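Trainee: Given the sequences, and given the hints that come with them, work out the whole structure.
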Amino acid sequence: MRFSFSIVALVLEVITIVLFGIFVEYDYRDTPGTLYPFFQDVHVMIFVGFGFLMTFLKKYGFSSVGINMLIAAFGLQWGTLMQGFWHSKGGKIHVGVKSIINADFSTATALISFGAVLGKTSPAQMLIMTILEVTIFACNEHLVTEILQATDVGASMTIHAFGAYFGLAVTLVLYRPGLKNKHENEESTYDSDMFAMIGTLFLWLFWPSFNSAIASAPSNQIKAIVNTYYSLAACTVVTFALSSLVGQRGKFSMVLIQNATLAGGVAVGTCADLSIHPFGAMCIGGIAGIISVLGFHFLTPILASKLNIQDTCGVHNLHGLPGILGGIAGIIVTAIKEEKRQDVLFTPGMQAAALGSTIGIALVGGALTGGVLKLPFLGQTSDQNCFDDSVYWEVPEKENPHEIHSNKYEEHSGLDATM
Amino acid sequence: MRFSFSIVALVLEVITIVLFGIFVEYDYRDTPGTLYPFFQDVHVMIFVGFGFLMTFLKKYGFSSVGINMLIAAFGLQWGTLMQGFWHSKGGKIHVGVKSIINADFSTATALISFGAVLGKTSPAQMLIMTILEVTIFACNEHLVTEILQATDVGASMTIHAFGAYFGLAVTLVLYRPGLKNKHENEESTYDSDMFAMIGTLFLWLFWPSFNSAIASAPSNQIKAIVNTYYSLAACTVVTFALSSLVGQRGKFSMVLIQNATLAGGVAVGTCADLSIHPFGAMCIGGIAGIISVLGFHFLTPILASKLNIQDTCGVHNLHGLPGILGGIAGIIVTAIKEEKRQDVLFTPGMQAAALGSTIGIALVGGALTGGVLKLPFLGQTSDQNCFDDSVYWEVPEKENPHEIHSNKYEEHSGLDATM
Amino acid sequence: MRFSFSIVALVLEVITIVLFGIFVEYDYRDTPGTLYPFFQDVHVMIFVGFGFLMTFLKKYGFSSVGINMLIAAFGLQWGTLMQGFWHSKGGKIHVGVKSIINADFSTATALISFGAVLGKTSPAQMLIMTILEVTIFACNEHLVTEILQATDVGASMTIHAFGAYFGLAVTLVLYRPGLKNKHENEESTYDSDMFAMIGTLFLWLFWPSFNSAIASAPSNQIKAIVNTYYSLAACTVVTFALSSLVGQRGKFSMVLIQNATLAGGVAVGTCADLSIHPFGAMCIGGIAGIISVLGFHFLTPILASKLNIQDTCGVHNLHGLPGILGGIAGIIVTAIKEEKRQDVLFTPGMQAAALGSTIGIALVGGALTGGVLKLPFLGQTSDQNCFDDSVYWEVPEKENPHEIHSNKYEEHSGLDATM
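Protein chains in written order, with UniProt numbering: chain A, 1 to 419; chain B, 1 to 419; chain C, 1 to 419.
It is worth saying that the hints were derived from the structure and are not from the lab.
Some hints here could point you the wrong way.
All copies of an identical chain are treated as equivalent in the list; a pair is satisfied when it fits inside any one copy or across any two copies.
[Claimed, not checked] No more than 27 Å apart at the CA atoms, straight line, and that leaves these computed lysine-lysine pairs for BS3-like:
| no. | residue 1 | residue 2 |
| --- | --- | --- |
| 1 | Lys251 | Lys374 |
| 2 | Lys92 | Lys337 |
| 3 | Lys340 | Lys374 |
| 4 | Lys340 | Lys92 |
| 5 | Lys89 | Lys337 |
| 6 | Lys374 | Lys306 |
| 7 | Lys89 | Lys251 |
| 8 | Lys337 | Lys251 |
| 9 | Lys182 | Lys374 |
| 10 | Lys182 | Lys337 |
| 11 | Lys306 | Lys180 |
Small disclaimer: the values here were computed from a predicted structure and weren't measured.
Mentor: So, in structure tokens, the structure goes:
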């Protein structure tokens, strides 16, 4: 792995820096203003939220939080360029607070897809996926918001559904028959589940900022904040109720609490800044919780066994289905109620076209990307080494600090001292 | 547990959504402005701060952070309604940034009480406690701020003392003689103490936002920020000094560092936006640290053994005593110095009445709530199953990831492979 | 330790409170405005960022996050006084949002030095180091910004290089020949490395706020934000590439990912608000990553073995070398391009003088401080007890929660039950 990864990373970074030198300028008119805190909230979601959410696997914490950081750090640079090209003026991309929010957004698609293939791909593969996915994302986003003129302020469609179906297509192409039976590393420990809750909570808490950050006016921003806040709250209560209902002997499942509680943030995204009423937001959130729990419980096993779609983190249930629900909610709301932004009237037809094109482009783009990732020099790992940090990281002995005595005891008694 | 919890949760959520549909509207005049970051800080305190602070128990991390999330997610919805009813206009509750800050605040009372009964109650009991406590809190807050016209910007009385004495009354009513001797699960591990420090730090850091979020003007807000900042700093140094002084062989105690360092934030709450001078804030903080350390060290064992008050997290020392200290500081400051807000003169008599009514209502409300929680269908657990996640959660094996060899060794040598 | 620490801490705190009573006033004209979120970001960096970054040692997590909190809580009070004396008006220090940002900044120097001596010093020693270092820092900062009129908005020189070389001088004076061979506690575990990533990420994420918080105008602030954002991103990709390149069998090293990814934030500090172009920021970040990785890999072992400088956290590679790089970048940029602030023209000569004086004062101040720390009543620990929380903390048994069965099994089979 040494040379393939290092060369890919350094070449991509040098190209990116050169492109920045040619094309990128400050937006000299910009100030941090009241928007900067929204950026920082989104920034925490991308690196801490996504990063720790994926640390639930018992031996894959370093990769989850580390490769998440790598993908996001590279993706935000590439995203600046790709999104900037569509908005460049005089051949220059002008960056300010809004640009870096959008750059963070664009990385979210790759991080969602990373969740689908988590544990089964190499860091070099992830860099290639990032550059391809961010590029395709920027094109689809331009199509949805500029050409179709659909609304998607919280990006239920353009980020969540896109990232999920892109990742599912990648993981389908990279299908590993050897993982048909559950891999021994594909489970959590008590502490890895605790670490994952750090990710869950920071995603949950800052989601109102995510859904409102790029709203066109403060009056829309406040609606997006309030709607997301109540949608998530309703979704969380419903998720706990259903987790107990479907769980063994009525017990809560950590995977559901870590993930399905967030579905309300995804699903309310498209309509977040519309006048759907807090009541409407809570209905969307509640339905999202139901869909997500049922998806994890019934659909994921079927996808894996029947359709050969091995979705490590269940991104289909957290981002895919709730993303589609958000898109459908957008169609319904624009059909019922006239919603405008700066003389653009949102129509249900265009919303439907946006949803369809997003999923279509994501599936095709993901499948092609999966094909590229099969290139041998990118260093696919063997089935046996999946979900294991020690393939890519120097991993310390997992030892209990305060057990010197018992360790010594073992040495005396002839037991294995690595215990 | 399956049906009782799920039914309670779903029924409460459906009722809440219906009430939102009838009563709640956006506050269309509101914008995020400079207040929104204060909301996000408070939001982190409620979910990450309180949630992780309680993860110190070795086998109760899932419940601490998970049920904390459940209580807060439901409580903020119910708090919106209860607080809103006192401020409704034309039969409508208008929600904006200030409302969601207040909604978060109202959940804090239930989370403090949750700390008192931690490990000894079921999730269904906690939902019932939340709905009752948030309702009573909203009434007492209306009494204190609108009828008595007392000042309590950082809610030393209305949130901290209220939540603590409410919780202590609940735990007294739910007294378990079987836990007279320390339960084997009622202790921490090295890592659970580390997780708890995440909660401590986020509470500590964002407390200036908590105490200043609803200040009436920016000039008062800045005083609340500065006072809280220095009160916490002084409290922290004093706590370390006293922890060493009372500890075995001069050693620091994690429970004190996790909790007593925060007492300065509680105690300065009532006076936070008054002109008490940073010097005054530091004196309050220092005294709060002393009271809290002594409370943990000497009072909590007595409360448990003599008064049958089993206070799992020691909320009496973190929220109860420092809350009273804050109330008393408010009496003294308003007696010494004329302090006004919008033509209301704060008087020491009214401050004392506010403190007394708060504690009285909390004790009575908590006792009644404790009685309700004894209803059998709410699923009280046995003494033996206390402080144990596995009663309510699917819990993974706690295994050390990188010990495959030693596990294999054990299998060969005939030892129990679950080790 | 009991009395020496407690007495030192209480005496220092009482003196500090008295000095606050005499000298400190509110800045009544201040409001939180749009600056307050920057303060909170910096605040999180100081307590969560630095605190958790240092938790990587397997038995030193309590001390890392706890003593970090103690140093910062005391240091911010002392820093308020020391920085305030240079800006006092009419014998009074006026505190507002900018003051508490600067107070937090001044603690960063002591926290960086703490990293150099981590595991080898007592809490009382750290309080003495803090008071001395913050005092000397405030003088040097005054020299650099007011007398030399150099620019250093993100404090590459005055905080990072200063804190690093101060700490290296302290650790040199406190040299322990007994630690020449690696101490058995001086290593990480899987979970301690995960905790450290919490620190890394919060530092990484909020660094744009650190570098822009005290910029003179919003237009400079936005440049500082954008430059730091892209510098860190480039540094991170380069760090991953080099970590793989120098690592055993191409594997990533956690110590590099935890630390060297941050070097881009340090190095871009001096020039952050200058018009260096995002391209220039990325070049600085990339070079910082290279220097930092090479420093950790090649230089730190040499410093320890040849120069008797035992740098526990490698602050030389994270703060020292990148800080110098930042200073040099400042010299180059001011030589190439005319940069002004409020009629002050920054000159390369003054930038060089600022860098030289900072390192010189840090080395001399650190050496003197190291001498003071050798005073016997401050309670230096033995070599054997280094890197061990249990010397200063009551430490719980590190036990696996869900192994009751296996524990019982062991009891039956006669094995040590403390296992």
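Trainee: Now look at each hint and say whether the structure bears it out.
Mentor: Cross-check of the supplied hints:
Only between protomers do Lys251 and Lys374 lie at most 27 Å apart by alpha-carbon distance; the minimum there is 21 Å, versus 41 Å within a single protomer. Taking identical chains as interchangeable, the C-alpha atoms of Lys92 and Lys337 lie at most 27 Å apart only when they sit on different chains, with a minimum of 22 Å there against 39 Å within one chain. In this assembly of identical chains, the alpha carbons of Lys340 and Lys374 never lie at most 27 Å apart, being 45 Å within a copy and 53 Å across copies at closest. Taking identical chains as interchangeable, the C-alpha atoms of Lys340 and Lys92 lie at most 27 Å apart only when they sit on different chains, with a minimum of 26 Å there against 30 Å within one chain.
Proximity of Lys89 and Lys337 under a CA criterion of 27 Å is satisfied inter-copy only: 26 Å between copies versus 35 Å inside one chain copy. In this homomeric assembly, Lys374 and Lys306 come within 27 Å of each other (Cα to Cα) only inside a single copy, at 22 Å, whereas the closest approach across copies is 48 Å. With identical chains, the CA atoms of Lys89 and Lys251 are never at most 27 Å apart, being 56 Å at best within one copy and 43 Å at best between copies. Taking the shortest alpha-carbon separations for Lys337 and Lys251, neither the intra-copy value of 41 Å nor the inter-copy value of 56 Å comes in at or below 27 Å.
Within a single copy, Lys182 and Lys374 get their C-alpha atoms as close as 23 Å, which meets the 27 Å cut-off; across copies the closest is 43 Å, which misses it. Within a single copy, Lys182 and Lys337 get their C-alpha atoms no closer than 48 Å, and across copies no closer than 61 Å, so neither meets the 27 Å cut-off. For the identical chains of this complex, Lys306 and Lys180 are intra-copy neighbours only, at 10 Å inside a copy versus 54 Å across copies, given an alpha-carbon limit of 27 Å.
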